[in-house]
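Take a look at the letters that make up each chain.
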Amino acid sequence: MTGPGHADAGPGTPLFEARDIVKKFGEFAANSDVGLVIQPGEKHALLGENGAGKSTLVKMMYGVMQPTSGEFFWNGARIVIHKPAEARELGIGMVFQHFSVFDALTVVENIALALPPEPMKALSRRIEQVSESYGLAIDPRRAVHTLSVGEKQRVEIIRCLLQHPKLLIMDEPTSVLTPQETRVLFETLDKLAQEGCSILYISHKLEEVKALCDAATILRLGRVVAHCDPKAETARSMAEMMVGDEIAWVERKGTSAETGAETGPVRLKVDHLNLPAASEFGISLKDLSLEVRGGEVVGIAGVAGEGQSELMEALTGEVFSDRAEAILIDGEAMGRAGPTRRRLAGAAFVPEERNGHAAVSELTLSENIILPHHTAERVATRSWIDFGKAAAWAKRVREAFDVRSATENPAAGSLSGGNLQKFIVGREILREPGVLVVSQPTWGVDAGAASVIRRALIDLAARGSAVLVISQDLEEIFSICDKIAVIHHGRLSKEHPAAEMTPEKVGLLMGGAHPEASEIPAGEVAL
Amino acid sequence: MIVLEPRPQPSRALALLSPVIAIGLTLLAGGILMALMGKPPLEALRIYFFQPFEELWMWITLPEGEREMWLYTPAEVIVKAIPLALIGAGLAVCFRANVWNIGAAGQYTMGAIIGGWFALSAPEGASGLLLAPYLIAGVLGGMAWAAIPAFLRVRFNANEILVSLMLTYVAGYLLDWLVRGAFKDPLGFGFPQSEDFQDAFIMPVLVEGTRLHLGVVVAILVAVALWVMMGRTMKGFEVRVIGAAPRAGAFAGFSRDRTIWFVLLLSGGLAGLAGAIEVSATVQQLQPQISAEYGFVAIIVAFLGRLNPLGALFGAVILAISYIGGENAQILLQLPKAVTGIFQGMLLFFLLGCDTLIRYRIRLMRPARG
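Chains as they are written, first to last, in numbering that gives the first Met the number 0: chain A, 0 to 526; chain B, 0 to 369.
Next comes chain A alone, as it looks inside the complex:
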């Protein structure tokens, strides 16, 4: 386990230190003079908005890429990490945001791939030991495609733990977990830290960082802007350090149910929608029903991969339902109509993936206007495209939603995530659609853009539209929705008024508990 440069460290020597790290991509500096100090057994948060340089820094720490200049120290000795294998040898483990597991293999087979050869039986035993001592329940013989997302993450963590890391890097680990699963993860991390393993925890969920971490380094635009003790800060003060500005927090003034405001007629109705899975590892939709009235924002919560993308494709018309009456838009049966007819009926859609689904990154913004608007907004007449009209639309969206770019009509791919998302949401909202379905409206966008987008969704509903938000972000759901339903294994719970819901209750539903069984104590949920 001793790597190059391993030296006996005196007391007080940090486990890991980065000094003056610079990483340039051409002219662009993703990291400038970044410093980071991690003490043994410390739970250290790395905070920053998307594009602040967090991923770049940890990729260099894990040997995936090399810094342009600057130095790393391990127990006080200078090190150069050429590749991930060297990082692992030193004792650096990493759990990536996107799991690198093979669905067709079992848990033990997946783990064996990452380790030096050893008999499967012995490895299974070691997996069971680790899983028991850290509370990471998993059966090594199960096929990975039968696991929930949270369980897949456990496979990744166990894989790291089997290599006895001294520093465990976790990249946005809770974005796929229910609140209950998050709590179990935090217990594991606490136990690891008590045993002396340091944790570098990358996140933008500030409440979690406050609960878990005892030190934080905050990055903004590639530079360290603050070191702080998260327990001594508020979520808001840390958010402002991340953004470098005061933030307008979006909150519903009071849901329609609370204020007694009138809601309109049902504008979007999903009626016993069934859809078989498109592939072996896909999710089938089972008997989904839902109503969204004019003036309402309804949220669908759920961890990733529970059928949200399948539901979204059924709603946009990219995939047809079994019956036309399964989806009604303003009373019209649209279950077997394509996206264009649904748009003509007054619906608008914002899919989760910005690049490659909601927009084509190679095309310009005005060309991306044509994607949804060619027929619905007559940007093309018969078969001829009216580029003037498309450009005028793009200009309106850019102005109304403050989309910032270097040039007048740039390629969509050159915009930052937040700006492109504002463009995509704005493109649909400026149509004044009767029904808007949005998936992950603020996933991976900066706090400023997120607040603009959430505000716009609430305002659209206030003007009488029905807004359906599919999101994994519970904070978001609670801050903008009037009613909340939860999707789990392709089934949708009944929608409940937001005022009657708590994160705990939603978490139970996300974990698969029955809607009417909310009296089950949290501890007994299958985790």
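Treat the hints loosely; a few may be bogus.
Think about it this way: if two alpha-carbon atoms lie no more than 25 Å apart in a straight line, the pair counts; the simulated DMTMM-like pairs of lysine to aspartate or glutamate are [stated by the list, open to error]:
id: 1; chain 1: A; residue 1: Lys-58; chain 2: B; residue 2: Glu-4
id: 2; chain 1: B; residue 1: Lys-234; chain 2: A; residue 2: Glu-376
id: 3; chain 1: A; residue 1: Lys-388; chain 2: A; residue 2: Glu-376
id: 4; chain 1: A; residue 1: Lys-23; chain 2: B; residue 2: Asp-354
Read the hints as simulated data drawn from the structure, not as lab findings.
For chain A, the structure is supplied; the task is to place chain B on it using the hints.
Using the frame of chain A, we list chain B on its own:
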């Protein structure tokens, strides 16, 4: 140390410059090759690539009466460029949709077969008006052949590259079999060839003393029409979106299957048209050798033209010059015929290499010390 570094944005200038650099590198490497074979490199390159231009210059500068003979070679370049441009423009659209029709040679052959069948079965003394249905028969032949990979791709997700490529050989052997059987000229002394086409089915020559024929007008019209389609119409937009991001195409309500059918039938139909035009204008009968390799060379044409139908006109002229140059090199330099293929291969090789520079730039770096 030389490092390839991703550009923040793909370079538009280099997308256009890349073919020019590739042509330059091909000339350079060609010169070295010539020198290694013991030929004077500059003279060889002059014969290979610049002779048609020199002769065109003679035609422009000499007075009437002396200049006519100098037009023949430049006109031959255009004659060879016609089928290349027709096929290349269709392939440019097809490749834009991320659909890889590699079997244009087979569709070209089927165009010649179906067109030839129509011409050979017409009664004696057919009217010149039958040239139009003859060309349409060629288009239908190419479309029918391209419909096979389209159907298999849409229905069974079969790889269109393999299916279309394999069908090329089927078409080639079908032609071979026909000219030895059903289409064989009874008075042909047993040669595997059909009767000569009647005059009605011969492409009209535009300039006397050359073989320059009406096909050049067709090729230019097709290229311009496809260029307008790609730039201005919903159909072209659909093709571009489906090619760049199929899921975004679905979001926009475009059918991927319809687009696959459309681009394969379009490129197949144009390849069939090229086949019908070519046999009618040059060999004027069916025989086993009808230059079906144009179908493969047109792939280079499409890429050299930046997958733009108008660019395919430019690419077609460059590749046509390489054919004429190859013939000149055989006569004047005693080089083997294979040299044409070598030049064309080098051109594609350098082009694909240079295209890296659109997304990446080369940086000289001092090795990092570690």
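Going back to the hint list, which numbers does this structure go against?
-> none
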